[in-house]
Every structure is written in structure tokens, then in C-alpha cells.
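Engineer: First to last, the protein sequences are chains A, G, R and W. Here the UniProt record's numbering is used: the first residue of the first sequence is 1, the next is one more, and so on. Here the UniProt record's numbering is used: the first residue of the second sequence is 1, the next is one more, and so on. Here the UniProt record's numbering is used: the first residue of the third sequence is 1, the next is one more, and so on. Here the UniProt record's numbering is used: the first residue of the fourth sequence is 1, the next is one more, and so on.
Since the hints were made in silico from the structure, they are not lab data. Here the structure is a predicted model, which means the values were calculated and not measured. Please note: incorrect hints may appear among the correct ones.
Identical copies carry no separate label here, and so any pair may be met within one copy or between two of them.
[To be verified] List time: in silico DSBU-like cross-link candidates among lysine-lysine, alpha-carbon distance up to 35 Å:
no.	residue 1	residue 2
1	Lys257	Lys209
2	Lys138	Lys257
3	Lys209	Lys138
4	Lys118	Lys92
5	Lys257	Lys172
6	Lys92	Lys172
7	Lys209	Lys172
8	Lys118	Lys138
9	Lys138	Lys92
Protein chains: 4
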Amino acid sequence: MGIIGGGYMGKAHAVAYSAVGAVFNTRLRPRLEMVAASTRASADRYCAEFGFARAADDWAQLVRDPRVEAVVIAAPQATHRAAAELAFSLGKPVFCEKPLGASIEDARAMTASAAARKCINMVGFNYIRTPASQYARKLISDRVIGDVTWFRGEHTEDFLADADTPASWRTKGDSNGTMGDLAPHMINAALALIGPISSVMAQIETVHKSRGGEPVTNDDHAQMMCRFDSGAMGHMFFSRVGTGRKMGYAYEVTGTKGAIRFDQEDQNALWLYKAEGPEAERGFRKILTGPAHPDYAPFCQGPGHGTGYQDQIIIEARDFLEAIADDQNRWPTFADGLAVSQVVEAARTSNSAGVWTPVQGD
Amino acid sequence: MGIIGGGYMGKAHAVAYSAVGAVFNTRLRPRLEMVAASTRASADRYCAEFGFARAADDWAQLVRDPRVEAVVIAAPQATHRAAAELAFSLGKPVFCEKPLGASIEDARAMTASAAARKCINMVGFNYIRTPASQYARKLISDRVIGDVTWFRGEHTEDFLADADTPASWRTKGDSNGTMGDLAPHMINAALALIGPISSVMAQIETVHKSRGGEPVTNDDHAQMMCRFDSGAMGHMFFSRVGTGRKMGYAYEVTGTKGAIRFDQEDQNALWLYKAEGPEAERGFRKILTGPAHPDYAPFCQGPGHGTGYQDQIIIEARDFLEAIADDQNRWPTFADGLAVSQVVEAARTSNSAGVWTPVQGD
Amino acid sequence: MGIIGGGYMGKAHAVAYSAVGAVFNTRLRPRLEMVAASTRASADRYCAEFGFARAADDWAQLVRDPRVEAVVIAAPQATHRAAAELAFSLGKPVFCEKPLGASIEDARAMTASAAARKCINMVGFNYIRTPASQYARKLISDRVIGDVTWFRGEHTEDFLADADTPASWRTKGDSNGTMGDLAPHMINAALALIGPISSVMAQIETVHKSRGGEPVTNDDHAQMMCRFDSGAMGHMFFSRVGTGRKMGYAYEVTGTKGAIRFDQEDQNALWLYKAEGPEAERGFRKILTGPAHPDYAPFCQGPGHGTGYQDQIIIEARDFLEAIADDQNRWPTFADGLAVSQVVEAARTSNSAGVWTPVQGD
Amino acid sequence: MGIIGGGYMGKAHAVAYSAVGAVFNTRLRPRLEMVAASTRASADRYCAEFGFARAADDWAQLVRDPRVEAVVIAAPQATHRAAAELAFSLGKPVFCEKPLGASIEDARAMTASAAARKCINMVGFNYIRTPASQYARKLISDRVIGDVTWFRGEHTEDFLADADTPASWRTKGDSNGTMGDLAPHMINAALALIGPISSVMAQIETVHKSRGGEPVTNDDHAQMMCRFDSGAMGHMFFSRVGTGRKMGYAYEVTGTKGAIRFDQEDQNALWLYKAEGPEAERGFRKILTGPAHPDYAPFCQGPGHGTGYQDQIIIEARDFLEAIADDQNRWPTFADGLAVSQVVEAARTSNSAGVWTPVQGD
Ligand SMILES: NC(=O)C1=CN([C@@H]2O[C@H](COP(=O)(O)OP(=O)(O)OC[C@H]3O[C@@H](n4cnc5c(N)ncnc54)[C@H](O)[C@@H]3O)[C@@H](O)[C@H]2O)C=CC1
Ligand SMILES: NC(=O)C1=CN([C@@H]2O[C@H](COP(=O)(O)OP(=O)(O)OC[C@H]3O[C@@H](n4cnc5c(N)ncnc54)[C@H](O)[C@@H]3O)[C@@H](O)[C@H]2O)C=CC1
Ligand SMILES: NC(=O)C1=CN([C@@H]2O[C@H](COP(=O)(O)OP(=O)(O)OC[C@H]3O[C@@H](n4cnc5c(N)ncnc54)[C@H](O)[C@@H]3O)[C@@H](O)[C@H]2O)C=CC1
Ligand SMILES: NC(=O)C1=CN([C@@H]2O[C@H](COP(=O)(O)OP(=O)(O)OC[C@H]3O[C@@H](n4cnc5c(N)ncnc54)[C@H](O)[C@@H]3O)[C@@H](O)[C@H]2O)C=CC1
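Use the sequences and the hints to build the structure in full.
Structural biologist: Okay, here's the thing in C-alpha cells:
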């Protein structure tokens with residue numbers, strides 16, 4: 001493996017590829033071959049700390065290195081497209097962190113490039129991979145809660161809630177705003193759980209318009225109402241100023257025969273209500289994930305013992321490796337990442353125009 | 001007291017006026033003088049069961065009765081306006097259940113009539129009177145959570161979630177739909193907690209379009225995004241098909257320095273987050289209501305011992321009696337009920353037009 | 001009705017007898033005839049505030065008054081026995097607050113007196129009357145959770161957690177200590193839910209041995225292990241220094257086929273786990289009380305709308321009135337109160353002796 | 001590393017030693033050198049699956065192998081002592097899963113052997129290593145909740161709740177019963193959080209006395225009251241028949257100035273109550289673990305993102321490696337494991353004798 005970036009996600013992927021073989025008994029056993037970072041010093045540090053064989057201060061060097069057989073892009077959005085395109089041109093599989101590039105054009109180009117070169121490609125929507133959310137998907141598609149009538153999702157955190165936090169790269173550029181950074185996770189969840197979105201009506205805004213005297217040029221929070229192709233009605237909210245919320249990736253799905261609730265802040269529990277049995281015994285049940293749920297057993301034989309953030313990345317790594325081994329893409333591919341970007345794009349248009357806006361396929 | 005209606009709410013008010021004196025040591029000590037219902041038989045039954053002195057099968061007879069000094073309207077929306085107008089013409093105070101009349105015209109006329117006759121008037125938004133929600137109001141107005149940036153409210157129940165429930169009066173007529181029946185409670189909460197709403201963007205729909213072969217002519221669920229005068233952004237959702245939700249009157253208020261969460265299904269708890277103190281010690285705290293919170297102590301000296309639905313109606317009765325004793329209106333008056341109806345009206349317009357719609361004052 | 005005491009519980013009963021007729025359509029319709037308190041001034045104040053016809057500064061005067069047809073004792077433990085015995089000697093029904101008298105001898109004498117005179121008698125264990133706890137009883141006796149193997153109960157509050165709270169009558173005398181004051185509620189619950197207790201092993205202690213220089217002569221917290229006649233194992237804990245707990249009347253019942261959890265701090269929810277159905281769907285379900293649960297519907301037609309502390313006292317009042325109307329005792333009688341006192345007694349003996357101690361019947 | 005056992009815990013340790021270097025940037029970078037199992041076939045399978053270099057079907061071969069520099073014992077209790085003693089005789093550091101050996105004699109011998117040979121030794125109490133429980137320890141030792149007055153702990157699971165589960169090695173032998181298998185984790189927590197236990201009063205029993213016709217010879221659940229050296233009172237409960245509980249490692253600590261609650265089923269939350277500030281604002285706060293809490297940051301930079309079961313084992317591996325690197329034991333050593341075994345022993349004695357039993361140091 002070659003991993004571009006050794007920050008928050010670069011490290012997470014390095015750990016994941018160290019552990020994934022032992023956890024999932026994968027056919028391919030990855031080696032941490034090379035890490036790239038923006039400086040030589042940091043690349044060397046990551047190399048030593050995470051246990052890579054070699055370091056590069058240039059992502060292109062990493063992508064081109066013959067011993068790097070697969071590339072993980074865990075660097076800022078601006079690098080995604082060029083790195084992916086180069087890798088595809090060399091026929092190498094690429095895993096790219098969300099969102100897919102810095103713009104919808106990037107997402108389109110990256111998806112097209114992957115398709116043209118028929119390379120394995122995957123985008124990093126990790127939260128949907130918890131055993132609980134995978135199981136929620138299954139319950140919904142098995143129609144345990146009947147027809148879905150309502151979906152409410154949010155991805156809320158509070159890392160910029162404090163007005164005194166100074167401006168930084170995070171407060172500049174669309175792709176670093178809430179719609180660029182947080183929304184994709186929950187939009188992806190909506191698409192995975194309920195299906196395609198036909199139109200949206202959004203409101204996007206900057207709460208703290210300047211920080212430390214510097215203007216903030218991207219959005220702090222945003223909401224959108226949406227209509228799914230299935231007819232279901234929905235709403236999503238995204239915020240990086242959601243005081244008190246730390247990992248507010250949460251959703252509620254209401255169906256004609258039941259309902260599901262989930263909150264990533266208690267990621268090992270899924271709440272299920274079934275409209276069956278005597279009225280007096282009905283209620284939301286708190287299901288603790290365990291070996292009976294998707295991808296849990298390899299982590300622990302005991303139910304309720306729990307998986308965590310890092311484990312999502314390990315599941316992701318397993319899927320990427322298996323896709324490579326099978327030479328067969330696994331969900332979510334770049335095309336799925338692009339579908340998310342299309343919803344984001346429609347939301348931006350809707351916000352400007354103040355009207356319901358259809359989501360454009362490509 | 002004279003109470004029009006002896007059903008769900010008629011009984012609740014009858015119990016409330018039986019108990020309110022002992023609970024709150026009110027200056028006025030009400031007598032259950034007369035109850036009116038749509039039939040003689042039911043009126044007589046209510047009279048005996050709830051302990052009224054006399055019964056009437058005609059609301060006008062009750063309103064006109066000289067020994068009825070104050071009128072509570074707890075009959076369907078269609079009776080609200082005429083009963084209130086008659087009472088005001090006789091100079092009698094009126095408490096009217098929400099919503100104010102069957103249409104915005106009714107609400108306007110009733111408010112005008114109350115003002116013209118300078119009669120005491122009050123509208124029945126009981127949920128906002130729990131100790132927890134009163135305390136939430138206080139926390140927000142004391143700026144404990146800073147500037148409010150986001151409000152999310154819902155009023156969700158599931159009494160019509162089952163598609164097999166047959167059509168009835170509930171499934172006919174705007175004022176019995178979700179926007180007419182449930183939305184007013186949460187809109188009132190939004191106005192009380194955050195302040196006036198300047199514009200809304202709504203989506204209103206009927207999920208089960210026919211029941212037992214009969215068409216359903218009002219809405220099952222609805223959502224709206226809103227902008228408050230203060231600049232805060234908001235969202236509300238209302239549903240009578242919210243499978244699993246029994247009393248889903250719930251809200252979240254995010255501010256720059258804290259946040260509040262409340263769910264009526266656990267009405268004795270208020271969740272408060274304050275962005276202060278060491279990061280490691282921060283978290284939403286679950287405050288159990290007790291004597292330190294508004295209107296709790298008269299019910300019980302012990303914190304955490306809890307109040308219930310009926311107690312809200314007793315608090316409401318206290319306010320109505322005190323308003324009469326002082327000849328000074330107490331919140332929420334008909335004008336406040338009208339303000340709610342104006343938001344509902346704007347939502348209906350927005351839903352039809354598909355655009356953001358300003359809320360029109362009168 | 002005549003009510004002895006107008007404090008915490010005296011008021012609660014006054015409110016309850018004002019409301020009970022309207023709520024439950026009881027055959028007997030009580031009148032608030034007379035209230036007694038320790039001083040003339042306070043008795044007069046209670047009389048006016050709660051709406052009694054007359055006041056007495058002597059409980060014996062109240063008991064003897066010919067228009068007082070039933071007596072509620074809501075004064076301190078020291079008055080219970082004499083007041084009850086006098087009432088029984090006059091053939092009057094008596095409702096007595098828990099615990100039954102100031103000592104086990106009192107409890108025995110009161111029970112014997114009630115039996116000898118064949119008078120209606122009831123003891124005030126209100127918490128077990130919530131719809132949730134009544135339903136828990138039913139679930140257990142219907143064997144929904146199979147054979148009970150384990151019971152854990154607690155009654156914890158924190159009104160004396162602060163070491164700086166000065167000494168008072170509460171900190172003196174066995175019957176005002178935690179074993180006298182709080183333990184009876186939960187012991188009664190244990191007996192009601194699981195059945196008779198055969199033996200106990202207890203530990204009773206005073207945490208803050210002096211307050212403001214004055215010695216504390218009763219217990220702050222206590223625990224006991226117990227064995228039920230059924231063979232089930234159990235544990236109870238009682239505390240008035242349980243920092244953070246406001247109404248910690250909570251229990252967990254584990255059975256061979258399921259489990260139940262309840263906490264009075266969220267009194268409208270009962271948690272039920274059933275070991276049936278696919279493993280992946282199992283979990284504790286949070287059942288919100290509603291019209292499908294015992295004694296809920298008369299308070300409100302809507303599920304999840306909730307009852308509160310005062311409503312328990314109303315249910316209790318209904319039972320007392322119905323017992324009188326039928327001339328047939330209803331649970332829990334003085335004999336049930338005595339059974340609780342016997343467990344308390346065994347716990348005290350066990351604590352002193354440091355060994356398992358059988359619970360002595362009388 | 002050489003790991004004895006490739007089952008539940010053997011795998012967990014294999015994964016942990018694969019990941020720990022990248023997560024914690026440890027000085028020592030372990031290699032998965034050899035795995036031993038009870039058969040050649042299983043050892044070979046583990047070797048391939050987890051990525052070991054070599055396999056052994058004999059633990060002694062593994063311990064003696066010169067390239068195995070440190071030994072992890074993750075095989076059944078019966079192997080612990082002999083394996084540890086052999087390793088110490090060769091001067092190798094040993095990590096041993098809980099409980100320490102199959103009997104208190106084993107625990108004593110192992111501890112003595114470690115001391116005699118001055119070898120690094122550690123025992124596998126992983127649950128206390130979550131960021132939440134480490135933080136709870138810190139809060140208590142920083143006296144944030146004042147003096148501890150009450151501790152309640154439980155370790156409850158339901159893997160043998162079903163009476164139809166057949167007898168197996170789990171249902172035979174003291175060290176596989178609840179006191180042997182589950183109790184040590186929570187006793188260790190009690191010692192870590194509150195301090196030494198001076199005496200206990202226990203009740204230990206077998207709920208399902210036979211399974212599939214075969215007698216069950218060890219305990220299904222057990223409870224004990226205890227007195228800590230500090231004077232605090234406590235209670236613990238352990239069960240493998242705790243229907244509905246999956247990972248019920250839970251505790252409550254009450255102090256004079258606050259309280260703490262924790263439940264491993266929601267391992268990323270710690271509940272803290274502080275008796276300070278206005279009464280109206282007090283409540284248990286739900287603190288989500290994050291980078292501000294011990295050992296969280298290396299797993300994820302985002303608070304609330306969560307750690308899981310496997311991460312505890314990684315933290316444990318870090319401590320073992322650091323102990324080796326420093327040639328300085330880290331908590332918990334074999335001596336700490338022995339202290340736990342001494343409490344278990346006192347509990348067994350108490351259960352037989354029916355009296356309070358002092359915990360014997362060695
Ligand atoms: N899936 C998830 O939960 C999360 C995903 N992300 C995504 O991961 C990506 C990386 O974000 P973070 O790890 O938070 O950033 P970070 O700032 O922590 O780390 C970025 C890394 O990229 C390296 N880098 C920057 N420019 C480079 C270049 N030109 N060539 C080579 N290396 C370069 C830096 O040296 C650094 O090591 C982003 O696309 C972000 O959206 C970020 C956080 C969470
Ligand atoms: N605040 C709250 O939580 C709630 C408020 N409501 C409101 O209370 C009002 C009554 O609703 P419910 O009690 O649910 O209805 P219901 O159907 O239970 O009772 C209606 C009562 O009105 C009487 N009535 C009907 N027409 C009458 C007439 N022409 N003259 C005299 N009496 C007449 C009926 O006999 C019956 O006793 C409505 O405005 C409703 O929106 C209803 C439920 C909850
Ligand atoms: N079921 C429950 O939840 C509760 C039950 N209780 C029980 O209720 C009883 C009363 O307790 P509280 O109401 O808390 O006490 P309190 O101190 O609030 O009120 C006691 C009342 O008794 C009156 N009183 C005292 N001595 C009297 C006498 N010799 N003659 C006539 N009146 C006299 C006082 O004037 C006062 O009105 C106790 O037995 C207590 O154990 C108390 C609180 C809660
Ligand atoms: N800390 C924790 O959370 C847990 C700790 N444990 C402890 O871990 C230890 C192992 O338990 P599990 O992994 O559950 O057992 P397991 O039955 O899943 O695996 C036992 C392993 O030991 C191997 N083994 C057995 N006898 C052997 C021998 N003579 N030589 C070499 N290998 C041998 C087996 O081949 C197997 O791989 C026990 O001491 C247990 O108490 C177990 C589960 C959880």
C-alpha cells in the first residue's frame with residue numbers, strides 16, 4: 001500500500017492496513033510500503049511512527065513507485081483528483097477519502113477516469129460501515145419497517161462552535177465547509193438507506209462570518225428538505241457549530257410498519273420499533289450490536305463488547321482489499337461518491353435560487 | 001366554570017378545575033357549574049362523572065347561563081369561533097383549546113372579538129407549560145446558551161400510522177390534519193422559545209391517500225424550514241403517522257455557548273450542554289425537574305418525583321384563573337394563537353407555491 | 001374525608017381527593033371535610049389553601065368528628081398508631097402513610113386493631129401504583145420473563161447528601177432513617193413483584209455521623225442481600241445520601257426468559273427484554289405507558305403523554321374509596337405494611353448480628 | 001511475540017500486536033513470531049489467518065523458542081501457571097489473561113515466580129482501560145466527587161441464560177464459573193477505582209443445576225456486599241445468566257460531592273454528577289470520550305467518534321511493550337491479579353460460612 005497523507009485519516013488507514021489481515025483473514029495481506037506527506041520531515045516521521053517501509057514528500061513519487069500496488073488518498077481534497085488520475089493511468093486501484101475531489105468537476109473527472117481505465121476505486125464513507133448502520137440498511141431493504149415515509153438525518157459536530165476559534169484552511173473554500181466536509185457522509189447514508197434523491201430544497205449559511213478579523217468564506221451549517229425517488233420525504237442537517245454534538249451522525253427512518261433510530265455517539269446501539277404484537281408491549285428496542293450483525297464477529301465474539309471508529313476503517317480496508325482480490329468493485333465506488341456530490345451540487349443551486357431543485361445525474 | 005365538551009380535553013379541564021385550587025392556592029376557587037356536549041345523554045353522563053352541577057346539550061345555553069362566569073371551549077374546532085364570540089359579547093372570559101378555530105379567518109375574528117370586548121382570553125397550548133419547557137424558555141432568555149443559531153422541533157405521534165385505520169372526521173378537513181392539529185403546539189413552542197418566525201418553506205403531504213376506500217382529505221405529515229427574526233435557522237416536522245412516536249413533542253436548541261434538548265416522552269428531564277469548564281468534563285446533563293423549576297413545587301416537594309400530562313392542564317387552569325382575578329391577560333392569549341395560525345397559513349402557501357413565504361402579521 | 005397533616009403528603013392527599021372523582025368516576029365522591037395539623041394556625045392555613053370545610057389542631061378531634069367518615073393519616077410516624085386505633089374503634093376506614101407507625105410494635109398493633117374491628121385499612125405505598133410498575137407486576141405474574149432469578153432494587157435520593165445540612169428530626173429516630181423512611185417503598189415493591197422474602201443479610205450505616213455538631217442517630221444508607229421464597233436471589237440498596245439521585249426508586253428483574261428494568265426518574269417508561277425472536281433483533285425495548293397499561297387511560301387518552309407523582313396519589317385515593325364502597329380491602333392493607341416492617345426488622349437484626357436472618361411472620 | 005492460544009483472546013492479542021505500533025508509536029515494534037494452540041491444525045490455521053511467522057502445537061515449545069522474546073498467555077486457565085513459570089525461568093516477560101491461573105494457589109505461585117525472577121508481568125484486565133474508565137479513576141483520585149461512600153458494580157452477561165444451552169467446559173470447574181470468569185474484571189475495577197477491600201459477604205449459586213441431563217458444577221451468578229479499607233460500602237453482582245445483558249460491566253460510584261456512572265454497553269460515555277452550581281442546573285452529564293481523555297487521542301482526533309473492544313487490547317499491548325522497554329512493571333501486574341483472586345477467595349469462604357469474611361493478603 002501507498003498512503004498519501006499521514007494526518008487524521010492517513011494514520012487511520014495506516015493502522016487499518018496493519019490490522020486488517022489479522023482481523024478479517026483477507027486473501028491479500030497488505031504491506032505498508034510508502035507514505036507521502038507535504039514535507040520530507042513529516043513524511044519521515046509518519047514512516048517511522050506508523051511502520052512504513054519508505055517515505056515520499058511528493059504524492060506523485062508514491063503513486064509511481066512500482067512497489068506501491070494500491071493507493072490510498074488521505075490528503076486534502078485538492079490532491080484527490082490528480083493523484084487518482086495518475087494512479088488510474090498506471091492501472092492502480094485507488095481508495096480516496098471523501099469527498100471526491102474539491103469540486104463536482106473533480107468528482108466527475110475522477111469517476112470517468114476510473115471507468116475509462118477499469119480500475120478498482122472506492123470512496124471513504126466509513127460511518128455507514130458500522131455493524132449497526134449496515135444492519136439498519138438490511139432491515140430497511142428487508143422491509144422490516146414497511147415502506148419508508150420519512151427520513152431525518154444529521155451530521156453535526158461542534159469543532160467550530162466557539163466563535164473565538166481563529167480562521168484557518170477549514171474556514172475557506174467550499175469543499176472545506178460543512179456541505180463539502182460533513183454533508184457527504186450523511187447524504188451517502190441517505191442514499192444507502194433509502195435510495196436516490198430526486199430533488200432538494202436547501203438553506204446554507206455561515207454563522208460566524210468572520211473569525212479573528214478574517215472573513216469566513218464557507219458554510220458553518222446547512223439544512224435541506226428532500227424528496228426521494230421512492231416518494232419518501234426527508235430532511236438533513238449538517239453543522240460544524242452544533243454546540244454539544246461531537247459525532248452527531250444520526251438518523252431516524254420512519255416506515256409504515258416500524259421505525260429505526262441511530263446515533264453515532266452511541267454507535268453500538270440501533271433502536272428498532274416494530275408495529276406488531278400487543279400495544280402494551282410495543283416500544284423502541286435498543287439492540288446492541290454483536291456477532292449477529294454484519295462485520296462484527298471478526299472483531300469480537302461477545303455481543304455488546306463494541307466496535308469503534310478505527311474498526312470502521314478496518315472494515316473499509318477489508319472491502320478495498322477484497323475488491324482488488326476479486327477485481328470487482330465494491331460499494332461505495334467513485335460513482336457513488338459522485339452521486340453524493342450531485343446532491344451537494346443541487347443543494348447549493350437550491351440555496352441560491354430558493355426553489356426545489358432536481359438532483360442531476362451525469 | 002362552564003366547559004364545552006366532555007371528551008379528551010373536556011375531561012382534562014374538568015379534572016384540572018377540580019384540583020387547581022388545592023394545588024396552587026388560587027384566589028378564585030372554581031366550581032364545575034355546567035358541561036355541554038353534543039347530545040343530552042353524553043352531557044348528562046359527563047355531568048355525573050366529572051362532578052358538574054348541571055349539563056347542557058347546547059353550547060350556547062352554557063355560554064349564556066348566568067351562573068357560568070367563565071367558559072372553557074374543549075369541543076371541536078368548528079364550535080370555537082361562535083362560542084367564543086358569544087361569550088365575549090356577554091363579557092365572559094374564554095379559554096379555548098388549540099387551534100384557534102377551524103381556519104385563520106376564525107382565529108382572526110376570535111382575536112378581534114376578544115380585543116374589542118376587552119375580555120380575558122387564553123389558548124390551550126399546554127405542553128409548553130411543563131416545568132422543563134418553562135425552564136428551557138428561561139435558560140434561553142437568560143442567554144445561558146448564548147445566541148440561538150439553530151432550532152429543531154417536532155410533534156410526532158403515530159395514531160394514524162396504521163394504513164388500515166379507517167377514515168373518520170380526523171382524516172377530513174384542514175383543521176384536523178397534522179398542520180391543523182399537531183403543528184400548532186410545536187409552532188407555539190418555537191415562537192415561545194426563539195421568537196417570531198419571518199419566513200417558512202414547507203412541504204405538506206398525505207401519506208395514506210385513502211383509508212378503507214374513502215379518500216383522506218387532509219395531511220398526514222409535514223415539514224418546514226424556517227428563518228426566525230433573530231436570524232436563527234430552524235426546522236419543524238409534524239406527523240400523525242410517525243410510527244413508534246407516542247408524544248414526540250421534542251426540540252433541540254443550539255446556541256453559541258450551549259444547547260438544550262427536550263423530548264416530551266420523558267417530560268421530567270431537560271438536557272443542557274454548556275460550553276464551559278474543562279473539555280474533558282463537558283457533556284449534556286440530564287436535569288430532572290424539581291422544586292427549583294417553574295411551577296413544579298406546588299405539585300411535589302421532591303425533585304425527580306415528576307409531573308404528568310394532567311398537571312400541565314392544572315397549570316393552565318391556574319393561569320386562566322389568575323388572569324381573571326387580575327383582569328389581566330396571561331400568555332398565551334388568542335393573539336398568540338393567531339400568531340401560530342399565521343405560521344400555519346404561511347406554510348400552506350409555501351407548500352403550494354414551492355417557495356419561501358413570509359409569515360404575515362395581521 | 002378527614003386528613004391528618006397538611007404537609008408534603010397531607011397536601012398530596014387533599015389534591016387527590018379533590019380530583020379523584022372526576023378522574024375515575026368513583027362511586028363515592030369525597031368531600032374535604034376536615035384537616036388537622038399540629039397548630040391551629042397551620043391547620044387553618046391548610047384548610048383555606050386546600051379547600052377543606054373545617055380545621056382541627058388535634059388529630060383526635062378530627063378522628064372523632066361525626067362528619068369525618070374516613071381518615072387519612074399523613075402526619076409523622078409517631079401519630080400513626082394512636083390515630084388509627086381511635087379511628088378503628090369508631091369503625092372508620094383508615095388510610096395510613098408509610099411506614100406503618102414508628103416501630104414494628106406499632107405496625108403489629110395497628111394491623112391487629114384493623115383486623116379486630118374489621119375496618120377498611122390501607123397503607124400508602126404509592127410508587128408501586130404507577131402504570132409502569134403495575135404493568136411490571138402483571139408481566140412478571142403472567143410469566144412473560146419466565147422464572148425470576150434475580151431482583152435488584154434501590155430507593156435512593158440525595159436530600160441529605162450534603163454534609164453541611166444541619167441535624168433535624170430527620171436525622172433522629174429509627175423510623176426517620178433510611179431504613180424507616182425510604183426502604184419500605186422498595187421492600188414493598190420487592191414483595192409485590194417477586195413475592196415473600198425468606199431471609200436477609202443487611203448492612204446499615206450512618207455516613208455523616210454528626211451534623212452541625214449534633215450527632216446523627218439514624219441511618220443514611222443501607223443495603224441488603226435477600227433470598228425470596230421462590231428461590232430468587234436479590235439485593236436492595238437505600239440511601240438519602242445518594243448524590244445525584246432524586247427519585248431513585250429503581251429495579252431490575254431478571255428472569256429465565258426476559259428481564260424488566262424501571263427507574264422512577266423516568267416513570268413513564270418500562271424497559272422489557274424478551275429472549276425470543278432472532279438474536280439480531282433482540283434488545284431492551286422502552287415501553288412508554290399509555291391507555292393499554294393499568295390505570296393510565298382515565299388520566300389521558302394519549303400514550304406517552306405521561307402521568308406524574310400526584311397521579312399516583314389519585315390512583316391510591318381511588319383504591320381507598322373503592323375499598324370503602326365495596327367494604328372489601330384492597331391491596332396494600334396494613335397487613336402488607338406489616339410484612340414490609342418485618343423485613344425491615346429482620347434487616348436490623350441481621351445488621352447487628354452479621355448473619356443471614358430469617359424474616360419473621362407474625 | 002509468542003501468543004499461546006488463538007481463540008477469542010488469542011486473536012484479539014494478535015490483532016493488537018499488529019496495530020499497536022502504528023497506533024501508539026511504541027518504542028518496541030512487535031513481530032508476530034509464533035502462535036501455539038492445542039492442535040497442530042488449529043495452530044497452523046491461526047498462524048496463517050493472523051499473520052504469525054510460525055506455529056506450535058505445544059505451548060512449551062513456544063515459550064522456549066529463542067525468537068519468542070515475550071509471551072502472551074491466552075489459553076484456558078489450566079495452562080496459565082506452567083506457561084508463566086517456564087517463561088519466567090527463561091527470563092521472559094509474560095502477559096497473562098485473567099484470571100491468574102485456575103486457583104488461588106496458581107495465582108500465588110505465578111506472582112511469586114514473577115517476583116523471584118524479576119520478570120515483567122501483566123494480567124489482562126482490559127475493561128478498566130477504556131478512556132472512560134481510566135478517566136473515572138482519575139476523577140475519583142482527584143477527589144472530584146469527594147469521599148466515596150458507595151460503590152456498586154456488576155459484570156453481567158447472558159451467554160448461559162438459556163436453560164437449554166448444553167453443559168460444556170464452561171459449566172464445569174470453579175475457574176470457569178461466574179466467580180472465576182467474570183467477577184475478576186469487576187473486582188479489579190473496584191480495587192482500581194476505590195481501593196482495597198477489607199471484607200466481603202457473598203452469595204454464590206448455580207441457577208440451572210443441570211443442563212441436558214448433565215450436572216453443572218460451577219456458579220451461574222453471585223453477589224457480594226463489601227467494605228473497602230477507606231470505609232466505603234459496596235456491592236457487586238456477577239452473572240452469566242443475566243438475560244438481556246450483553247456486556248454489563250457497569251458501576252456507580254457515589255461520593256460526598258458527586259457521582260459517576262458507567263456502563264460498558266455504552267463504553268464511550270461516562271456520566272458525571274457534580275453537586276455544585278445552582279440546583280436547577282444540576283444533573284448527570286453524559287461525557288463522550290474524546291482526545292481530552294486518557295489514551296483516546298491516538299485512536300482518533302475526533303471526540304465522540306469512539307473506541308471499541310479491540311482498542312482496549314491495543315492499549316493493553318502498549319502498556320506491556322512499554323513495561324518491557326522500561327524494564328519496569330506497569331499496572332496491573334500479577335500481584336494485582338492475585339489481589340483480585342484473594343477477594344474471590346474470601347467471597348467463596350464467606351458464601352460457605354454465611355458470615356462476613358476478611359480479605360487475606362499474602
Ligand atoms: N472519513 C472521515 O471520517 C474523514 C475523512 N477526512 C478526509 O480525509 C482527507 C484528509 O483529511 P485529514 O486527514 O483530516 O487531514 P490532515 O490535515 O490531518 O492530514 C493531511 C495530510 O495530507 C498531507 N498532504 C497535504 N498535501 C499533500 C500533498 N500535496 N502531497 C502529499 N501529502 C500531502 C499532509 O502532509 C498530511 O499528512 C480529506 O479528504 C478529508 O476530507 C478527514 C477526516 C475524517
Ligand atoms: N391541548 C391538547 O393537548 C389537545 C387539544 N385538543 C383540542 O381540544 C378540542 C376538543 O378535542 P377532543 O377533546 O379531542 O375531542 P373529543 O371528540 O374527545 O370531544 C369533543 C367534545 O365536544 C363535544 N361537542 C362536539 N360538538 C359540540 C357542540 N356543538 N356543542 C357542545 N359540545 C359539542 C362532544 O360532545 C365531546 O364531548 C379540539 O379543539 C382539539 O383540537 C384535543 C386533544 C389534545
Ligand atoms: N408516600 C410518600 O411518598 C411519602 C410519605 N410520607 C409519609 O407521610 C407522613 C407525613 O410526612 P410529611 O408529609 O413528609 O411530613 P410534613 O412534615 O411535611 O407534614 C407533617 C404534617 O403533620 C402535621 N402534624 C404533625 N404532628 C401532628 C399531630 N400531632 N396532630 C396533627 N397533625 C400533626 C403537621 O402539622 C404537618 O402538617 C409520614 O408518615 C411520612 O413517612 C412522606 C413523604 C413521602
Ligand atoms: N479479557 C477478556 O475480556 C477475556 C479473557 N478471556 C481469558 O482468555 C483466556 C482464553 O480464553 P478464550 O480465548 O475465551 O478461549 P478459547 O477457547 O476461545 O481459546 C483458547 C485457545 O487456547 C488454546 N489452547 C488450549 N489449550 C492449550 C494448550 N495446552 N496449549 C496451547 N494452546 C492451548 C486453544 O487451542 C485455543 O486457541 C482465558 O484465560 C480466559 O479467562 C476470555 C475471554 C475474554
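Engineer: Hint by hint, say whether it matches the structure.
Structural biologist: Against the structure, the hints come out as follows:
1. When the C-alpha separation of Lys257 and Lys209 is checked against a cutoff of 35 Å, the pair qualifies only between copies, where the shortest distance is 17 Å, while the shortest distance within a copy is 44 Å.
2. For the homomeric pair Lys138 and Lys257, the shortest alpha-carbon distances inside one copy (15 Å) and between copies (27 Å) are both at most 35 Å.
3. Taking the closest pair of Cα atoms, Lys209 and Lys138 come within 35 Å of each other only across two copies (28 Å); inside a single copy the shortest separation is 42 Å, beyond that limit.
4. When the C-alpha separation of Lys118 and Lys92 is checked against a cutoff of 35 Å, the pair qualifies only within one copy, where the shortest distance is 10 Å, while the shortest distance between copies is 52 Å.
5. Taking the closest pair of Cα atoms, Lys257 and Lys172 come within 35 Å of each other only across two copies (23 Å); inside a single copy the shortest separation is 44 Å, beyond that limit.
6. In this homomeric assembly, Lys92 and Lys172 come within 35 Å of each other (Cα to Cα) only inside a single copy, at 32 Å, whereas the closest approach across copies is 55 Å.
7. In this assembly of identical chains, the alpha carbons of Lys209 and Lys172 lie at most 35 Å apart only when taken from the same copy (11 Å versus 47 Å across copies).
8. Within a single copy, Lys118 and Lys138 get their C-alpha atoms as close as 29 Å, which meets the 35 Å cut-off; across copies the closest is 54 Å, which misses it.
9. For the identical chains of this complex, Lys138 and Lys92 are intra-copy neighbours only, at 32 Å inside a copy versus 49 Å across copies, given an alpha-carbon limit of 35 Å.
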